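S.K.: Order-wise, the sequence lines are chains A and B. Residue numbering for the first sequence follows the numbering used here, starting at 39 and increasing by one per position. Residue numbering for the second sequence follows the numbering used here, starting at 39 and increasing by one per position.
FYI, nobody ran anything at the bench for these hints, they're computed from the structure. Just so it is clear, the structure is predicted and the values come from calculations on it, not from any experiment. Glycine included, C-beta positions come from ideal geometry on N, C-alpha and C. Treat each hint with caution, since some may be false.
[To be verified] Straight-line alpha carbon distances no greater than 30 Å define the calculated DSBU-like cross-link-like pairs of lysine-lysine that follow:
1) A:K49 to A:K130
2) B:K130 to A:K326
3) A:K130 to B:K154
4) B:K126 to A:K307
5) A:K326 to B:K56
6) A:K154 to B:K307
7) A:K307 to B:K279
8) A:K126 to B:K307
9) B:K307 to B:K49
10) A:K126 to B:K134
11) B:K154 to A:K56
12) A:K154 to B:K56
[Stated by the list, open to error] Distance windows between CB atoms, simulated:
13) A:S40 to B:R201: 27 to 35 Å
14) A:T356 to B:W177: 48 to 56 Å
15) B:G245 to A:A215: 12 to 20 Å
16) A:M39 to B:A129: 50 to 58 Å
17) A:K176 to B:M39: 36 to 44 Å
18) B:V173 to A:E264: 34 to 42 Å
19) A:G149 to B:S384: 33 to 41 Å
20) A:P348 to B:A129: 20 to 28 Å
Protein chains: 2
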Amino acid sequence: MSPSYQARRTKLLREMRKANVDGLLISGLANVRYLTGFTGDSSWLFLNSANCILLSDTRYETQLADECPNLDVEIRDSGSTINELTAKVVAKAKSKRVGFEAHHTTVAQHGSLGEKITAAVLVATSGLVERLREVKDKWELEQIRAAIEYAQRGIGVVRSSLRSDQTETEIRYLLEAAMRSFGATGPGFEPIVGVGPTAALPHAHAGTRCVAEHAVLLVDWGASTESGYRSDLTRVFITGKPTKQMELVYKTVLAAQQAAIKAIRPGVKCVDVDRIARGLIERAGFGKYFGHGLGHGFGLEIHEAVRVNPISEREFETGMVVTVEPGIYLPGKFGVRIEDDVLVTSDGNEVLSNLEREFDQAIVPILA
Amino acid sequence: MSPSYQARRTKLLREMRKANVDGLLISGLANVRYLTGFTGDSSWLFLNSANCILLSDTRYETQLADECPNLDVEIRDSGSTINELTAKVVAKAKSKRVGFEAHHTTVAQHGSLGEKITAAVLVATSGLVERLREVKDKWELEQIRAAIEYAQRGIGVVRSSLRSDQTETEIRYLLEAAMRSFGATGPGFEPIVGVGPTAALPHAHAGTRCVAEHAVLLVDWGASTESGYRSDLTRVFITGKPTKQMELVYKTVLAAQQAAIKAIRPGVKCVDVDRIARGLIERAGFGKYFGHGLGHGFGLEIHEAVRVNPISEREFETGMVVTVEPGIYLPGKFGVRIEDDVLVTSDGNEVLSNLEREFDQAIVPILA
Numbered sequence: 039m040s041p042s043y044q045a046r047r048t049k050l051l052r053e054m055r056k057a058n059v060d061g062l063l064i065s066g067l068a069n070v071r072y073l074t075g076f077t078g079d080s081s082w083l084f085l086n087s088a089n090c091i092l093l094s095d096t097r098y099e100t101q102l103a104d105e106c107p108n109l110d111v112e113i114r115d116s117g118s119t120i121n122e123l124t125a126k127v128v129a130k131a132k133s134k135r136v137g138f139e140a141h142h143t144t145v146a147q148h149g150s151l152g153e154k155i156t157a158a159v160l161v162a163t164s165g166l167v168e169r170l171r172e173v174k175d176k177w178e179l180e181q182i183r184a185a186i187e188y189a190q191r192g193i194g195v196v197r198s199s200l201r202s203d204q205t206e207t208e209i210r211y212l213l214e215a216a217m218r219s220f221g222a223t224g225p226g227f228e229p230i231v232g233v234g235p236t237a238a239l240p241h242a243h244a245g246t247r248c249v250a251e252h253a254v255l256l257v258d259w260g261a262s263t264e265s266g267y268r269s270d271l272t273r274v275f276i277t278g279k280p281t282k283q284m285e286l287v288y289k290t291v292l293a294a295q296q297a298a299i300k301a302i303r304p305g306v307k308c309v310d311v312d313r314i315a316r317g318l319i320e321r322a323g324f325g326k327y328f329g330h331g332l333g334h335g336f337g338l339e340i341h342e343a344v345r346v347n348p349i350s351e352r353e354f355e356t357g358m359v360v361t362v363e364p365g366i367y368l369p370g371k372f373g374v375r376i377e378d379d380v381l382v383t384s385d386g387n388e389v390l391s392n393l394e395r396e397f398d399q400a401i402v403p404i405l406a
Numbered sequence: 039m040s041p042s043y044q045a046r047r048t049k050l051l052r053e054m055r056k057a058n059v060d061g062l063l064i065s066g067l068a069n070v071r072y073l074t075g076f077t078g079d080s081s082w083l084f085l086n087s088a089n090c091i092l093l094s095d096t097r098y099e100t101q102l103a104d105e106c107p108n109l110d111v112e113i114r115d116s117g118s119t120i121n122e123l124t125a126k127v128v129a130k131a132k133s134k135r136v137g138f139e140a141h142h143t144t145v146a147q148h149g150s151l152g153e154k155i156t157a158a159v160l161v162a163t164s165g166l167v168e169r170l171r172e173v174k175d176k177w178e179l180e181q182i183r184a185a186i187e188y189a190q191r192g193i194g195v196v197r198s199s200l201r202s203d204q205t206e207t208e209i210r211y212l213l214e215a216a217m218r219s220f221g222a223t224g225p226g227f228e229p230i231v232g233v234g235p236t237a238a239l240p241h242a243h244a245g246t247r248c249v250a251e252h253a254v255l256l257v258d259w260g261a262s263t264e265s266g267y268r269s270d271l272t273r274v275f276i277t278g279k280p281t282k283q284m285e286l287v288y289k290t291v292l293a294a295q296q297a298a299i300k301a302i303r304p305g306v307k308c309v310d311v312d313r314i315a316r317g318l319i320e321r322a323g324f325g326k327y328f329g330h331g332l333g334h335g336f337g338l339e340i341h342e343a344v345r346v347n348p349i350s351e352r353e354f355e356t357g358m359v360v361t362v363e364p365g366i367y368l369p370g371k372f373g374v375r376i377e378d379d380v381l382v383t384s385d386g387n388e389v390l391s392n393l394e395r396e397f398d399q400a401i402v403p404i405l406a
């Protein structure tokens, strides 16, 4: 099984007509990959009803022939800019209203393109490809399931080899190596490994704290596949004597997560699912310690469209894949976040990740 | 020794006056780090003569207090956007002409900022912070020297343990682990490890080719320090019987690199140094196999301002650090690139990296 880039581009052409553009310049890196399979960077795709042309440079000439053998390619040399090449391609393609990706085009690029493109009007578009990417196809779900599998096997190695003298950084490297040994090409993002007070920083870097320093160890990690798809999970391990506060915080987060997951189905708004988890945490008295959104889409990128947060009015659709990751962070003490990956199905949802998540299961006593 | 963020911001305020703005919104990630030391993302800095305020969100509240204890911070919650927070801060700071970074601000962000900021005019600026970053201070040079040291020690491990059955990917992981063991926090970028035809792809991913498949092995790698600084080097190893063609290509690339390095000194134009290397490769008959620029600045990012290429009229200045990396790529056969890191000094330059680079030294026969 392999992805149908052609089918994706056909869908995009329909969206372009609705957006009233007869050409589209795609500069978002993951969007270019989604539509062509090309894994390099610094390259843009131009699409209209008669043309599909990848604009790249000589560094990628051979790689393009390998990865996208059926695609038209225009190569610039190091003496010209991608803006100049784009203007040439647009003029030849005879589009009159050329969309560009307003979220992936800088003001500087736009200014330069506007100067060079004289035969067409540039029109700002927003999220045309991202909205296609929100709903995963069968091939993409296979990739994501593989990325979850690598991540889960990897954390199994970590869990079974925790030692009191291990540092956060050592755990991070062990986890990365384990995921690679199971087939991942690497971590899906820089893993967060935090002991005690570091676990209270939602986006901490792994540092030099030892496991023995505190009873709470938080790991937020994922794997990536060769095809570029990611997974994103978080688990907390209680490596020492659990306190009543740890138990209360943990069980509150878990209850919030489970209640939110239960509510996910097509037609439900993201904001409403966020509110379920947030309300539960607020009623337990921890509202001000949960500062981030409940979850997000992921796939080729670790953060993709569909944000599950207090302001997203978007409705869930069958085929979306999102994280559900409430947390409570007590500054200077510890933090708990529990994160799973959830597929929206026609009759509700399927939790794709299946690691232990009960409080008792999180207790992993280790040798001193 | 530690960096003086205050001194950097004072210099920037001078540049702002020249650019005729009385406030500046800095959204480039590396620029924010350069001016504050903050290592998180999704955060912007607002600067004027009376204010220096980091705009962030609750995920980073504690980390900001750790990393930037003397900085004013404005934190938004997950129910508001950074654009809204920015408008509030700008209104309070009373700047009238607020610059934004045209190369780091998307058309979409700019549109949204323009709607929300009513008390000031938004003015596009370009490269104000990047130009400061072109010239490295003493502390930065220490960091870069450390990043080079980690990288050089790492490749030493690889070189001394090459085996015919090793794959490109295995070498990549070994290299990363070795650099970390010497003190790097990770690779400076995804290392390129290419055997034979893969070495002919200037930006290849490490794959499954074995060392034994071809006599040429190319490694393009670097380390990163905890402070975020990088190194960037390339070496080619001849692991089998060298052919006359390999020798010719290698010696041509090396001669081009050495001639270019010799020409680097303050006041010389980048384009002229590029021309020296390119001319030498062209006269040897390989001109069309050298498609990329000769080099680039690096530091907090692996590609920074100062591009040494056929169109850059920029002059070298004392304190700049650039790569010098000519290459010849024979599609389907092999490629050779030799890359070193060069500091521009008042009386010429200093090559910061000191690995063997002669053809004879590149021959590393391995066991079958």
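S.K.: Could you run down the list of hints and mark each one as holding or not?
M.R.: Outcome of the hint check:
no. : hint                         : verdict
1   : A:K49 to A:K130              : 23 Å, holds
2   : B:K130 to A:K326             : 26 Å, holds
3   : A:K130 to B:K154             : 39 Å, violated
4   : B:K126 to A:K307             : 29 Å, holds
5   : A:K326 to B:K56              : 44 Å, violated
6   : A:K154 to B:K307             : 26 Å, holds
7   : A:K307 to B:K279             : 65 Å, violated
8   : A:K126 to B:K307             : 29 Å, holds
9   : B:K307 to B:K49              : 25 Å, holds
10  : A:K126 to B:K134             : 39 Å, violated
11  : B:K154 to A:K56              : 28 Å, holds
12  : A:K154 to B:K56              : 28 Å, holds
13  : A:S40 to B:R201: 27 to 35 Å  : 33 Å, holds
14  : A:T356 to B:W177: 48 to 56 Å : 54 Å, holds
15  : B:G245 to A:A215: 12 to 20 Å : 19 Å, holds
16  : A:M39 to B:A129: 50 to 58 Å  : 54 Å, holds
17  : A:K176 to B:M39: 36 to 44 Å  : 56 Å, violated
18  : B:V173 to A:E264: 34 to 42 Å : 41 Å, holds
19  : A:G149 to B:S384: 33 to 41 Å : 37 Å, holds
20  : A:P348 to B:A129: 20 to 28 Å : 24 Å, holds
The structure shown violates the earlier hints numbered 3, 5, 7, 10 and 17.
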